[in-house]
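Since the structure of chain R is already known, use the hints to place chain P on it.
Heads up: the protein sequence lines correspond to chains R and P, in order. When the letters of the first sequence are read in order and numbered with the numbering used here, they come out as residues 1 to 260. When the letters of the second sequence are read in order and numbered with the numbering used here, they come out as residues 261 to 669.
Mixed in with the good hints, there may be bad ones.
[Unchecked claim] Cut-off 25 Å, straight-line C-alpha distance, at most; resulting in silico cross-link-like pairs (PhoX-like, lysine-lysine): (1) Lys-508(P) x Lys-172(R); (2) Lys-599(P) x Lys-172(R); (3) Lys-618(P) x Lys-121(R); (4) Lys-13(R) x Lys-599(P); (5) Lys-599(P) x Lys-49(R); (6) Lys-172(R) x Lys-149(R); (7) Lys-235(R) x Lys-7(R); (8) Lys-542(P) x Lys-49(R); (9) Lys-121(R) x Lys-49(R); (10) Lys-149(R) x Lys-508(P); (11) Lys-618(P) x Lys-13(R); (12) Lys-149(R) x Lys-120(R); (13) Lys-172(R) x Lys-120(R); (14) Lys-121(R) x Lys-599(P); (15) Lys-7(R) x Lys-311(P); (16) Lys-75(R) x Lys-149(R); (17) Lys-508(P) x Lys-75(R); (18) Lys-120(R) x Lys-599(P); (19) Lys-157(R) x Lys-311(P); (20) Lys-120(R) x Lys-618(P); (21) Lys-7(R) x Lys-508(P).
Derived from the structure by calculation, the hints contain no laboratory data.
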Amino acid sequence: MRKYVPKDNVQGKSYYTDRYWVAPRVPRMEVEAGSHFADAVKALGKLVKESYIEIGQLVVHIDPTQNVEVMRILKETCGYTQCSEQSAVDYLAQDGEFELFYQLLNITEAKRVRVHCRIKKGEAIESTTPLFKSSNFAEREMFDMFGIKVNNHPFLKRILMPDDWEGHPLLKTYPMIGDEFASWYEVDKIFGKEYRDVIGPENRDPSRIDRYDTKRFSRVGYEVPFDADISSGEKEQAIEYSETVLVDYTTSSKQLDERR
Amino acid sequence: MQQVNKLTPFFENLNFERDDNTMVINFGPQHPSAHGQLRLVLELDGEQVVKAYPDIGYLHRGIEKMAENMTYNEFLPTTDRLDYIASTANNYAYALAVEKLLGIEAPRRAQVIRTILLELNRVISHLFFIATHALDVGAMSVFLYAFREREFAMDLMEDYCGARLTHSSVRIGGVPLDLPDNWINNMIAFCDKVDYEVEHTYDALLKENRIWKMRLEDVGVISAEEALSWGCTGPMLRGSGVNWDIRKEEPYELYGELNFDIPTSDRCDSYGRYRLYMEEMKQSTRIMRQLVPMYKASEPQLMAHAPQYISAPKEEIMTQNYALMQHFVLVTQGMRPPKGEVYVPTESPKGELGFYIKSEGEPYAYRLKCRAPSFFHTGLLQEILVGTYIADVVTIIGTTNIVFGEVDR
Numbered sequence: 001m002r003k004y005v006p007k008d009n010v011q012g013k014s015y016y017t018d019r020y021w022v023a024p025r026v027p028r029m030e031v032e033a034g035s036h037f038a039d040a041v042k043a044l045g046k047l048v049k050e051s052y053i054e055i056g057q058l059v060v061h062i063d064p065t066q067n068v069e070v071m072r073i074l075k076e077t078c079g080y081t082q083c084s085e086q087s088a089v090d091y092l093a094q095d096g097e098f099e100l101f102y103q104l105l106n107i108t109e110a111k112r113v114r115v116h117c118r119i120k121k122g123e124a125i126e127s128t129t130p131l132f133k134s135s136n137f138a139e140r141e142m143f144d145m146f147g148i149k150v151n152n153h154p155f156l157k158r159i160l161m162p163d164d165w166e167g168h169p170l171l172k173t174y175p176m177i178g179d180e181f182a183s184w185y186e187v188d189k190i191f192g193k194e195y196r197d198v199i200g201p202e203n204r205d206p207s208r209i210d211r212y213d214t215k216r217f218s219r220v221g222y223e224v225p226f227d228a229d230i231s232s233g234e235k236e237q238a239i240e241y242s243e244t245v246l247v248d249y250t251t252s253s254k255q256l257d258e259r260r
Numbered sequence: 261m262q263q264v265n266k267l268t269p270f271f272e273n274l275n276f277e278r279d280d281n282t283m284v285i286n287f288g289p290q291h292p293s294a295h296g297q298l299r300l301v302l303e304l305d306g307e308q309v310v311k312a313y314p315d316i317g318y319l320h321r322g323i324e325k326m327a328e329n330m331t332y333n334e335f336l337p338t339t340d341r342l343d344y345i346a347s348t349a350n351n352y353a354y355a356l357a358v359e360k361l362l363g364i365e366a367p368r369r370a371q372v373i374r375t376i377l378l379e380l381n382r383v384i385s386h387l388f389f390i391a392t393h394a395l396d397v398g399a400m401s402v403f404l405y406a407f408r409e410r411e412f413a414m415d416l417m418e419d420y421c422g423a424r425l426t427h428s429s430v431r432i433g434g435v436p437l438d439l440p441d442n443w444i445n446n447m448i449a450f451c452d453k454v455d456y457e458v459e460h461t462y463d464a465l466l467k468e469n470r471i472w473k474m475r476l477e478d479v480g481v482i483s484a485e486e487a488l489s490w491g492c493t494g495p496m497l498r499g500s501g502v503n504w505d506i507r508k509e510e511p512y513e514l515y516g517e518l519n520f521d522i523p524t525s526d527r528c529d530s531y532g533r534y535r536l537y538m539e540e541m542k543q544s545t546r547i548m549r550q551l552v553p554m555y556k557a558s559e560p561q562l563m564a565h566a567p568q569y570i571s572a573p574k575e576e577i578m579t580q581n582y583a584l585m586q587h588f589v590l591v592t593q594g595m596r597p598p599k600g601e602v603y604v605p606t607e608s609p610k611g612e613l614g615f616y617i618k619s620e621g622e623p624y625a626y627r628l629k630c631r632a633p634s635f636f637h638t639g640l641l642q643e644i645l646v647g648t649y650i651a652d653v654v655t656i657i658g659t660t661n662i663v664f665g666e667v668d669r
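Isolated chain R, as found in the complex (with noise of 0.2 Å):
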């Protein structure tokens, strides 16, 4: 019997943890007082939810509807005027939700904030383009990857992926061999839907290895004659491909019901 798979997470995970392990924390640290990011941490006032320093950085969490505003006070009284990065950890799987962060810089005081907020599934956050310029792509690669709805950003787009792709690839669910839609996805584009029943998923992917065939593959070590069923009766297993999840954020647009 194959073990169960959860499919809420099917990324990369180990095969045997001991049963009394328990992974230890990288220590964090309270803001001294005094300090750059005390200061930092006493202009957000009551923004901040939570607020310490891990490995020499200063780690802030927020609300989400108040990211626009958290970032301001950062940048124009705090010095922060870069936003190296920014992007999500998906938490669909353990709480239903994503957790966002912003990596700002403070290039005269050469110091690190890390801005964490949580956003449920499905929720949008505020752009912060008016901000920092360099949200922009990074708000679209965001966008691409978990399909977290950027509102008031001025191009959002997929960034990595084809415009026509369906599902976000750095989705906890998204399997690393991709999924159904993206398995077809070359057969679908160069000769047509239609085309899957002619082309079988045996053929799709040029890259395959059937480990039964003694045709095209050499078993090194454990030789045997050419074309040789070695099968012994087993039947090859199927890959499983998860179902893509698709958040239709269109069917809820405010913007697209004003149009229609």
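Showing chain P alone in chain R's frame:
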């Protein structure tokens, strides 16, 4: 409008001339100056760019996805494929991020070797930059000279780790090998060669060259605020007069102990940035020379001693039972860093290369985000290309020094 079906697919080039008399052209992805797989959709009014739209993703391999499906040590060779011009910079940035997460530090000799390799890679990358940039702008001979020197640097890399392009020459917790015999002498000879060539070949050919100056001066002007806002780092930021180098400001490895200058330019244009690359090469050789006595004074240990995370040296594994057991667990299961997150920036030849790692205490990273400098420099193109002429587009792409391995990841 074109009638699109399977037999007559959609060609954007057919939609050549539009009603309002601006022309839409595709620059790349197969353009020789597109530095790989950049596709720029340019809207032109005569020869002037009205709108530019960089389209990326032609080299997307899902490296961040692979990081979630590989143990920490397995993933290291994959980082070679980010910025494939200077692989060691990526290996190092990743290894440093994991080391910070684990809370370990590489031994002294490993640090010296890593710093030498990082600076050697910076020279390789800058030589590649000047070669391709000059070729794009039209100076063919510089390309040949710069590639000759780059070949010597690649030979040095090959002597050290056996690979010329995908080095994987850094491990988490140290380096795998000591420098071979006579490598240091070859390196010093190479430094002499580079110093000589920078002054007598590249500068002699380009620095005061009238054509070169006409093509580069006041082309691709970015103000300091714009550069910061667009997330520019490295020479792109220093070329706008902002004195920011992570090696100096947030020193990692041995950079705190070394004497070197950070060249900046307040010209804000392509020529200023080109000068920075030349000056940085001289600074890199200066750093490499300083590291020679440090190397000779260091103890021969190469990997950090952290039995929970790092395998013991081969000799111990073959003689001691417990070291063998640890090694077996680390190879079959992989190391388990503590829960937590870390963002570690390093100064790669292109700018700030940072790795954000979120660990949940498993042998697989829960999330790995690679902050690639070229990604943000590509985003900048949509603003600085507007208003320039089509001939300058090539210069501006060249000066941003983008490498598509790390743009698309």
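Legend entry - 25 Å Cα cutoff - pair Lys-172(R), Lys-120(R): Within the cut-off at roughly 15 Å; holds.
Inset, instruction - Starting from Lys-121(R), check that the Cα of Lys-49(R) is at most 25 Å away, please. - result: holds, 21 Å
Legend entry - 25 Å limit on alpha-carbon distance, applied to hinted pair Lys-618(P) and Lys-13(R): holds, 15 Å
Inset, instruction - Please work out if Lys-599(P) and Lys-172(R) have their alpha carbons no farther apart than 25 Å. - result: Between Lys-599(P) and Lys-172(R) the Cα gap is close to 18 Å, so the pair holds against 25 Å.
Legend entry - Satisfaction of hint between Lys-149(R) and Lys-75(R), Cα-Cα up to 25 Å: Holds, at about 24 Å.
Legend entry - Straight-line alpha-carbon gap Lys-120(R) to Lys-599(P), limit 25 Å: holds, 23 Å
Inset, instruction - Would you mind confirming whether the straight-line C-alpha gap from Lys-7(R) to Lys-508(P) stays at or under 25 Å? - result: Answer violated: Lys-7(R) to Lys-508(P) is near 47 Å, above 25 Å.
Inset, instruction - Starting from Lys-157(R), check that the Cα of Lys-311(P) is at most 25 Å away, please. - result: Roughly 17 Å separates the two Cα atoms, so the pair holds.
Inset, instruction - Quickly compare the C-alpha distance for Lys-508(P) and Lys-75(R) to 25 Å and report which way the hint goes. - result: Between Lys-508(P) and Lys-75(R) the Cα gap is close to 23 Å, so the pair holds against 25 Å.
Legend entry - Pair hint Lys-542(P) and Lys-49(R), alpha-carbon separation not exceeding 25 Å: violated, 48 Å
Legend entry - Given hint Lys-508(P) paired with Lys-149(R) - CA-CA distance at most 25 Å: Violated, at roughly 38 Å.
Inset, instruction - Decide if the proposed pair is consistent with the structure: Lys-508(P) and Lys-172(R), CA atoms, cutoff 25 Å inclusive. - result: violated, 38 Å
Checked against the numbered hints given earlier, this structure breaks hints 1, 8, 10, 15, 21; the rest are met.
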